[in-house]
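From first to last, the protein sequence lines stand for chains A and B.
Under our numbering, think of the first position of the first sequence as 2, with each following residue one higher.
Under our numbering, think of the first position of the second sequence as 89, with each following residue one higher.
Just so you know, these hints were derived from the structure itself, not from any lab.
Some hints here could point you the wrong way.
Stated by the list, open to error - Below, simulated SDA-like cross-link-like pairs (lysine to any residue); rule was C-alpha separation at most 25 Å, straight line:
id	chain 1	residue 1	chain 2	residue 2
1	B	K199	A	A44
2	B	K253	A	A74
3	B	K253	A	L101
4	B	K117	B	F163
5	B	K253	B	L241
6	B	K117	A	V95
7	B	K253	A	I78
What the hints assert, rightly or not - Some chain B residues near chain A, calculated using beta-carbon distances under 10 Å:
id	residue
8	A125
9	I157
10	M197
11	G246
Just so you know, these numbers come straight off a predicted model, no measurement behind them.
Ideal Cβ positions, reconstructed from N, Cα and C, are used throughout, including at glycine.
If you want the building blocks of each chain, they are given just below.
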Amino acid sequence: MAVGLTHYLLVSLALFLLGWFCVLTRRNAIGILMGVELILNSANINYLAFSRYGSGAYDGQLFAIFVIMLAAAEAAIGLAIILGIYQTFQTIDVEATDTLRG
Amino acid sequence: MSGWGIADLVFGVIAAVTIVSAAGVAFSKNIVYSAFALMGTFMGVAALYVFLAADFVAVIQVLIYVGGILVLTLFAVMLTHRIADVRISNRSVGVLPGLVVVVAVGAVMAKAVLGANWLGRRPETPHPTTAGIGNAFLGDYLLPFELASVVLLAALVGAVVLSRKELK
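Isolated chain A, as found in the complex (with noise of 0.2 Å):
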């Protein structure tokens, strides 16, 4: 049995739980992002392989490079708020971030 579809999409599937069960658990803002980034490329795996195996046009690949774009700006972006955060509060603890709680 060669490499399919399957096989891409039973790899992206486990980059995606493993990036959620990041997200779901850790408590550091840092570690969160990366589970962010995880997810996406999971994502980005099933455009590339739904791309190869289905049209073969290069709608997906399109849609991958504006995830990356995408995920370029939210990590600066991401990363600056955990600075000004750290510069707050002394922490990326995102249990100690809750200033705003009634």
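Starting from the known structure of chain A, arrange chain B on it as the hints suggest.
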């Protein structure tokens, strides 16, 4: 007996590297180890892109993820990291409920992936994609392309405003 070719073997190795380092990101006790495991994941995913005949996207992945986002993440880790409490630097809570939810949803999704009757077209032989992607960006996808540059500019300005020192 269809047999596994050398390409299938290489795919298996790359997929294993990718998933093992992603597990390192998710389960490591030390945030620095997580950051370096993330590099293995990004490189493995780039290799998978090559397998999917997406040469341009693979190069972009290495340039932006490994060269940009990962370096930025490491900078943030080093700037917010206190060596003294390295033990608690990557605290995890609710591991067991999280694991239960993730495994349950993963089982449903795996069942969907394996059960679906995918209309698998026989993929054509890989060919260079850069010219086609460039034509699409300056043709059908011109508006999203321009919007993307505006988004990147806004993100750049926003990051600078957020992280500079306040001038009193």
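Structure-inconsistent hints, enumerated in ascending order:
Structure breaks no hint.
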